[in-house]
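Student: Protein sequences, first through last, are from chains A and B.
Just so we're aligned: the first sequence equals residues -4 to 110 in my numbering.
Just so we're aligned: the second sequence equals residues 486 to 597 in my numbering.
Hints in this document: simulated from the structure, not taken from any laboratory.
Since the model is a prediction, treat every value here as computed from it, not as a measurement.
Hints should not be assumed to be uniformly reliable.
[Claimed, not checked] If we take Cβ atoms under 10 angstroms as the criterion, some of the chain A residues that face chain B in the derived model are:
no.	residue
1	K36
2	N65
3	A67
4	S68
[What the hints assert, rightly or not] The calculated BS3-like cross-link candidates involving lysine-lysine, where the alpha carbons are at most 25 angstroms apart (straight line), are:
no.	chain 1	residue 1	chain 2	residue 2
5	B	K552	B	K511
6	A	K98	A	K9
7	B	K511	B	K553
8	A	K98	B	K552
9	B	K553	A	K98
10	A	K9	A	K59
11	A	K9	A	K50
12	B	K596	A	K61
13	A	K98	A	K50
14	B	K522	B	K544
15	B	K544	A	K98
16	A	K36	B	K522
17	B	K544	B	K511
18	A	K50	A	K61
19	A	K98	B	K596
20	A	K50	A	K15
21	A	K61	A	K98
22	B	K511	B	K596
23	A	K15	A	K59
24	A	K36	B	K596
[What the hints assert, rightly or not] Here's a subset of chain B near chain A, in silico, CB distances under 8 angstroms, partners left out:
no.	residue
25	F529
26	F572
27	D584
28	M585
29	A589
Backbone N, C-alpha and C fix where the C-beta goes; we use that ideal spot for every residue, glycine too.
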Amino acid sequence: GAVVSQHPSWVICKSGTSVKIECRSLDFQATTMFWYRQFPKQSLMLMATSNEGSKATYEQGVEKDKFLINHASLTLSTLTVTSAHPEDSSFYICSARWGPSEKLFFGSGTQLSVL
Amino acid sequence: QQPVQSPQAVILREGEDAVINCSSSKALYSVHWYRQKHGEAPVFLMILLKGGEQKGHEKISASFNEKKQQSSLYLTASQLSYSGTYFCGTEDASYNNNDMRFGAGTRLTVKP
């Protein structure tokens, strides 16, 4: 089956620093990638939709200057948390699909802890 | 807008059945169902694209009523492996099929 690799699995950083999370589709071309944030025992909150070659579409309330998303190729999307603060600590998970209404393949997620 | 799922949690004995519901206030293009086990990524179960469509996968099936903007997931003769959190995901018809929002999830526990 299709595989989506997300890296790193976990990261600890100091407040004020930036963190980059990578999401790669290993064996298919992902026209769309989604970035979610998940709090313990809660749902997947859509942060942004990323289409290859175009600017990401952010959900209301998500600061695009803080959560920078780049989808430079059909196999790679990155999420950069800029000037991280403790309230940004969360589980971030990406998913990818090869076309509209196709099933999503999820990465294994990244646990971010900001000290 | 996120779909609404119910119930929030279900506890079953092996062999019992369960129904999980998902509804939206928006016109939907599709409904997806995923299962997430603790500490793991969500895994795809099925997609329903057409109004009135029903799909089945072994003892797990689902229906989608496009007019009512509702979907239900049916788990029959539950097994221990069915335990996990079930999420419905919806594509809003007005978003050109370019979104995927999930409900709050239904935590299913199957006991021996």
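Student: Now look at each hint and say whether the structure bears it out.
Tutor: Status of the hints after comparison with the structure:
1. K36: With a closest approach of 8 angstroms, the A:K36 hint holds.
2. N65: violated, 18 angstroms
3. A67: It is violated, given that the least Cβ distance between A:A67 and chain B is near 19 angstroms, above 10 angstroms.
4. S68: violated, 19 angstroms
5. B:K552 to B:K511: Satisfied, since the Cα-Cα distance of roughly 10 angstroms is no more than 25 angstroms.
6. A:K98 to A:K9: Roughly 36 angstroms between the alpha carbons, so the hint for A:K98 and A:K9 is violated.
7. B:K511 to B:K553: holds, 10 angstroms
8. A:K98 to B:K552: holds, 22 angstroms
9. B:K553 to A:K98: Satisfied, since the Cα-Cα distance of roughly 23 angstroms is no more than 25 angstroms.
10. A:K9 to A:K59: Holds: A:K9 and A:K59 sit about 21 angstroms apart, inside 25 angstroms.
11. A:K9 to A:K50: violated, 28 angstroms
12. B:K596 to A:K61: Distance of about 44 angstroms is beyond 25 angstroms: violated.
13. A:K98 to A:K50: Between A:K98 and A:K50 the Cα gap is close to 22 angstroms, so the pair holds against 25 angstroms.
14. B:K522 to B:K544: Holds - the C-alpha atoms of B:K544 and B:K522 are around 18 angstroms apart, at most 25 angstroms.
15. B:K544 to A:K98: Satisfied, since the Cα-Cα distance of roughly 20 angstroms is no more than 25 angstroms.
16. A:K36 to B:K522: Since the Cα atoms of A:K36 and B:K522 sit roughly 11 angstroms apart, the hinted pair holds (cutoff 25 angstroms).
17. B:K544 to B:K511: Cα-Cα ~29 angstroms, so violated.
18. A:K50 to A:K61: holds, 15 angstroms
19. A:K98 to B:K596: violated, 30 angstroms
20. A:K50 to A:K15: holds, 17 angstroms
21. A:K61 to A:K98: Violated, because 28 angstroms separates the two Cα atoms, which is more than 25 angstroms.
22. B:K511 to B:K596: violated, 36 angstroms
23. A:K15 to A:K59: Cα-Cα ~14 angstroms, so holds.
24. A:K36 to B:K596: holds, 20 angstroms
25. F529: holds, 4 angstroms
26. F572: With a minimum Cβ separation of about 7 angstroms from chain A (threshold 8 angstroms), the hint on B:F572 holds.
27. D584: holds, 6 angstroms
28. M585: With Cβ-Cβ at 6 angstroms, under 8 angstroms, it holds.
29. A589: holds, 5 angstroms
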